[in-house]
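Protein chains in written order, with our numbering: chain A, 1 to 388; chain B, 1001 to 1253.
No wet-lab data here; the hints were simulated from the structure. Glycine included, every Cβ here is placed at the ideal spot set by N, Cα and C. Where hints are given, some of them may not hold.
Said to hold, decoys possible - Quick look at which bits of chain A chain B covers, simulated, 3 or more residues with Cβ under 8 Å:
1) 6-19
2) 208-222
3) 232-244
Said to hold, decoys possible - Pairwise CB distance ranges, derived in the manner of DEER restraints:
4) B:G1149 / A:M130: 37 to 43 Å
5) A:R231 / B:A1056: 17 to 23 Å
6) B:Q1087 / A:G270: 38 to 44 Å
7) B:H1211 / A:L107: 53 to 59 Å
8) A:V17 / B:E1198: 48 to 54 Å
9) B:G1149 / A:S363: 19 to 25 Å
10) B:P1039 / A:I342: 55 to 61 Å
11) B:G1111 / A:P9: 23 to 29 Å
12) B:T1088 / A:L346: 31 to 37 Å
13) A:L346 / B:G1111: 55 to 61 Å
14) B:A1056 / A:D39: 46 to 52 Å
15) A:L338 / B:T1088: 42 to 48 Å
16) B:N1145 / A:L107: 54 to 60 Å
17) B:G1232 / A:P9: 56 to 62 Å
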Amino acid sequence: MSNTQIATPRQELLYMVVLSAVVLTMPLWLQPFGAAYPDLMQKFMIFGIFAIGYNILFGLTGYLSFGHAAFLGVGSYTAVWSFKLLSMNVVPAIIFATLLAGLFAWLIGFVSLRRSGIYFSILTLAFAQMSYNLAYSVLTPITNGETGLQLNQADPRVIDRMAGIEATSGLPNTNLFGLQGTGYSGFYICAVILILAFFVSLRIFHSPFGMKLRAIKSNQTRMSYTGYNTRPYLLTAFIISGMYAGLAGSLLAMTDPLAGAERMQWTASGEVVLMTIFGGAGTLIGPLLGTGIIKYLENIFSAFNDTVLHNMFSFLPDWLNNILTAIISPFVGEGWQLLLGIVFMLIVIFLPGGLMEGYGKVSRMIRERGQKNVDDGSSDKQHSTGEV
Amino acid sequence: MGNVILDVTDVSKSFGGLQALSNINLRIEEGTVHAIIGPNGAGKSTFLNVIVGRLAPSRGRVLLGDQVLTGKQPHEINQLGVARVFQTPEIFPDLTLLQNIMIPAFAKRDGQFSFGIFKSLFAERGIREEAEHILEDVGLIADRNKIAGSMSRGDKRRLELAMCLIQDPKLFLLDEPTAGMSRHDTNSTIELLQRIKERGMTKIIIEHDMHVVFSLADRISVLAQGAIIAEGTPEEVRNDPKVKEAYLGGETL
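Using the sequences plus the hints, can you model the full thing?
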């Protein structure tokens, strides 16, 4: 289905069924890739949610925000505070995190959206860096500075105590009404939330509202001469994507109840931009694909080191082994982002629409070849330029 | 005399030292096609920009019916019933033709902002049928699922006209609708404009092509150096010696 056509309810249902099946069976089909352990799968889900939300802003309206990690951070801090003060149950944590991130997004969006293009990006970047620095300085009573906000056995946890739940041995675990927030159950909680988050994004993509956001990206001048006040549309998209980031932040806190300011740094904002563009901004599943691939590669390549490389090339003569190791080692381990940078450059230069554009091109090529075989005389090239 | 739909009183606009418009007074009757002609730099586009709210006049007032347009934003002015086509067609190049038409239809129905993030586009059958109807009118129905940016210049113009028509504006402004078009596209656009004329909506048209002007306009105003130097029926303007002097340089039409 082309993304620019009007989707039928049946297509939407198909989307949801396929996505749910793929996501919920992850522990099975990720097995051969060696990625079927909970920590990594949780990351796929959480950053997937982050990217889906980011895509609603960047993919639909074209407004490139460099500050979305700030909302992720706000979500994490809020969630940890909710664990400390209210309950280890994730429901209040998720609700408060999402709402507070939305409120932050409203404030930052209200100011930043007075400008567009590069000025908008710079404003969001400035706000995010401000939040990051505040978290390390004046806000230390709330954020606990460099140590990061942690749980404590002596935390009040008002609701839990009222319910008679007392943490007797060690730190309490996050949970969803008894279901653990870590390990496989943690993954399934994240997976279900991702499916819901995807559903919301699907509805937005296929609503008149989503079409208007695309129209803003396409031609903002025409939008205002067509009778639209574009600012509230942009602000709504900004707030929604901020809430997605807050939600992702709260899930990060659920799987690992420790919030640090490094989550708010601009590199974290850059990462979500990268994942979205890598997969295909403005497409429904592109951001998920980008997240999955980048997080997977990060997981593999950042674990590499010289010893691993030496072992890998051990079948080669020593001198060749040493040369290869020397060439490759700057791109793995700590330096894996160097590799990511190169891959990213290749994508942007050759496939500016991301992996989904590549998929579109390949499937079109196959279709055309198939058509040629069936009917050699027909030279109709009536394909649309949209992507899935 | 019919009802006056657009009432322009003493409008002036200067950019620094340049007086782009000086004391423009213009009354346009409902249902007429009014052409504004004049040499390059006469202030025709500036005048349109003042009406649609892109530029604020330095002095003067513009009324649409009994509503004041001066000082309002372009989107507010559109919501009051003013639509405009541009010299270079302003469409949504990344959307399909059908979506290009649906967007102004939504603006007309739902106003300048409507939230509804969970409404289904698919369920908006009424708007879609309306859009298809207009596309049929302008002869683009076969291309409704094509991406607008891939169309020819002439087709983009038709599309832009259709985007304005679906809003059924009280006042329709056309800024050189045939600029940069081939003879063939120009003729088909004139034909389309003549068909639109039968709908009886008020239009202001800026045009260089006299063939277009004389085949469409009920009345003509001649702008030169920011002032209206003549106004009347095409016949009157054609024979006005001042017009010949200022605009045509003695050449006969």
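Verification of the supplied hints:
Coverage of a stretch by a chain is defined here by at least three residues with a beta carbon nearer than 8 Å to that chain's beta carbons; for the region 6-19 of chain A and chain B the count is 4, and the condition holds. With 12 residues having a beta carbon nearer than 8 Å to a beta carbon of chain B, the region 208-222 of chain A meets the requirement of three or more and the stated coverage holds. Under the rule that three or more residues need a Cβ within less than 8 Å of chain B, the assignment of the region 232-244 of chain A holds, with 4 such residues. Between G1149 of chain B and M130 of chain A the CB atoms are about 39 Å apart, so this pair conforms to the stated range of 37 to 43 Å.
Distance hint for R231 of chain A and A1056 of chain B: a CB-CB separation of about 19 Å, consistent with the stated range 17 to 23 Å. Between Q1087 of chain B and G270 of chain A, the C-beta spacing of about 40 Å keeps the proposed range 38 to 44 Å intact. The hint said 53 to 59 Å for the Cβ distance between H1211 of chain B and L107 of chain A, and at roughly 57 Å that hint holds. At about 51 Å, the beta-carbon gap between V17 of chain A and E1198 of chain B stays in the expected band of 48 to 54 Å.
Under the hint 19 to 25 Å, the C-beta atoms of G1149 of chain B and S363 of chain A, about 21 Å apart, fit the expected range. With their beta carbons about 57 Å apart, P1039 of chain B and I342 of chain A fall inside the hinted range of 55 to 61 Å. The hinted window of 23 to 29 Å between G1111 of chain B and P9 of chain A holds, with their beta carbons roughly 27 Å apart. Range check, T1088 of chain B to L346 of chain A: about 35 Å between beta-carbon atoms, so the 31 to 37 Å window is met.
The hint said 55 to 61 Å for the Cβ distance between L346 of chain A and G1111 of chain B, and at roughly 45 Å that hint is violated. At roughly 59 Å, the beta-carbon separation of A1056 of chain B and D39 of chain A lies outside the given 46 to 52 Å, and the hint is violated. In this structure the supplied range 42 to 48 Å holds for L338 of chain A paired with T1088 of chain B, their Cβ-Cβ distance being about 44 Å. With their beta carbons about 41 Å apart, N1145 of chain B and L107 of chain A fall outside the hinted range of 54 to 60 Å.
Between G1232 of chain B and P9 of chain A the CB atoms are about 58 Å apart, so this pair conforms to the stated range of 56 to 62 Å.
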